[in-house]
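J.: If you read the protein sequences in the order shown, they are chains A and B. Note that the UniProt record's numbering numbers the first sequence so that position 127 is 127, with each residue one more than the last. Note that the UniProt record's numbering numbers the second sequence so that position 36 is 36, with each residue one more than the last.
Mixed in with the good hints, there may be bad ones.
As the list claims (entries may be wrong) - Pairs of lysine to aspartate or glutamate, DMTMM-like flavour, derived with a Cα cap of 20 Å:
no. : chain 1 : residue 1 : chain 2 : residue 2
1   : A       : K76       : A       : E153
2   : A       : K54       : A       : D96
3   : A       : K3        : B       : E196
4   : A       : K54       : B       : E45
5   : B       : K191      : B       : E45
6   : A       : K54       : A       : D92
7   : B       : K191      : A       : E110
8   : A       : K76       : A       : D88
9   : A       : K54       : B       : E196
10  : B       : K191      : A       : D75
11  : A       : K54       : A       : D75
12  : A       : K150      : A       : E140
13  : B       : K191      : B       : E181
14  : A       : K54       : B       : E181
In short, the hints are calculated from the structure, not lab data.
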Amino acid sequence: MAKRRNVELTVGTFVALGLVALFFLAMQVSNLSLSASSEGYLVQARFANVGSLKVRAPVTMAGVRIGRVESVRFDKQTYEAVVSMRIDAAVDSIPDDTFANIFTSGLLGEQYIGLEAGGSPESLRDGDEIVNTQSALVLEQMIGQFLFKKAGESG
Amino acid sequence: MLDPLVRLGRGVLDALERLGRGHLLLLAILLGLGEVLRRPRLLWEQLFNIGVLSLLIVGVSGLFVGMVLALQGYYVLSQFGAAESLGVMVAASLVRELGPVVTALLVAGRAGSALTAEIGLMKATEQLSGLEMMAVDPVRRILVPRFVGGVLSMPLLAAIFSAVGVLGGYFVGVGLLGVDEGAYWSQMQAKIDFDEDLVNGVIKSLAFGVVVTWIALFQGYDTVPTSEGVSRSTTRAVVHAALVVLGLDFVLTALMFGD
């Protein structure tokens, strides 16, 4: 009888250990804990060029992450990219004339959206659109412009 | 003069016949799956034999694989100034590939061989025929609980392997090599996707669990009932399981991540 109990005990421990390991992987290793953030409000912004901005890229203000990019889609009427981002509910006082830029972390890093607060007393609400945007800096374009300028100077 | 051709033909036909018997056995096992619900105690015993007894080797291997991954990954990544991505590298390789595959290889060696030898010996000592004489279906009574035990144990063992490996990588990367602790975890959490990486890893290890236990059970059930036959079946179970796991891993990886 005692032997049967031991078998059951160790099997129970084994299954519990396996489930704990799965839970650990889900919460600590993968992004499940972050992707479950369905709270917060949605704000849209239009960019002429989003570069290689990805869904789930961070949205930062003063360098601190306050939200994530929810979707990036193409508007076929205006030929612009429409980026919708989910901002944390706690950050509810972003002025509605805020500037949205697409930055790159480091020279080769991931692209993210940086918000620079404006001065308007009105703040952004769910579904609002950020009007002031600046496109991603595309490295090839910058090098092209630089070379073009250099050629103009020397010639 | 035609002897070599005859031998080739006989070999191919034998292999095909064995393949067919294997699939018929799998079908019989799948049809008998309900037996597990009627006698859950048989399943606990097999979970103990396959899962619990493999825990030590899987845990220790996971720890060392994770630590070695951190050492080797750090060497390459630090050359690009990207040592902060060490966590992503360790976790992605463990969860996507090494966890399911190495666990399957370890289980094939540790538990699969034992299953084959046990069932082969049962057949050689005519215990299986004895069961049939008593109108007990040996497939349902002996094979089904072992099959279910193997299939259920595999993803749990693989998860333990990966989790212990990530912790091992943490000890070496953060403790020994001085990677930033926050970067190790946050980069990992940002880049490892639940559906894409974790769920696919679990699907992989479930598939490996089916294949490894199926091969082990079939080799035992189909053995030549002599001591030499059992020994050859045991070897074959491990070798076939390892080869099929590695081949299947390539197919699954191509289907899951290869777009």
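J.: Between K54/A and E45/B, is the straight-line Cα distance small enough, at 20 Å or below?
T.: Distance ~49 Å between K54/A and E45/B Cα, so the pair is violated.
J.: Going straight from one Cα to the other, do K54/A and E196/B come out at no more than 20 Å?
T.: Judged against 20 Å, a Cα distance of about 16 Å means the pair holds.
J.: Is the hinted pair K76/A and E153/A satisfied, with a Cα-Cα distance of at most 20 Å?
T.: 39 Å, violated
J.: Take the C-alpha atoms of K191/B and D75/A, compute the straight-line distance between them, and say whether it is at most 20 Å.
T.: 28 Å, violated
J.: Tell me if the straight-line CA distance from K150/A to E140/A falls inside 20 Å.
T.: 15 Å, holds
J.: Take the C-alpha atoms of K54/A and D96/A, compute the straight-line distance between them, and say whether it is at most 20 Å.
T.: With a Cα-Cα distance of about 24 Å, the restraint between K54/A and D96/A is violated, given a limit of 20 Å.
J.: Is the Cα-Cα distance between K54/A and E181/B 20 Å or less?
T.: 25 Å, violated
J.: When you check the alpha-carbon spacing of K76/A and D88/A, does it fall within 20 Å?
T.: Violated: K76/A and D88/A sit about 29 Å apart, past 20 Å.
J.: Given the hinted pair K54/A and D92/A, is their Cα-Cα distance within 20 Å?
T.: 24 Å, violated
J.: Given the hinted pair K3/A and E196/B, is their alpha-carbon gap at most 20 Å?
T.: The hint is violated at about 42 Å.
J.: Are the Cα positions of K191/B and E45/B separated by 20 Å at most?
T.: Violated: K191/B and E45/B sit about 39 Å apart, past 20 Å.
J.: Has the given pair, K54/A with D75/A, been kept, meaning a C-alpha gap of at most 20 Å?
T.: 17 Å, holds
Of the numbered hints listed earlier, those contradicted by the structure are 1, 2, 3, 4, 5, 6, 8, 10 and 14.
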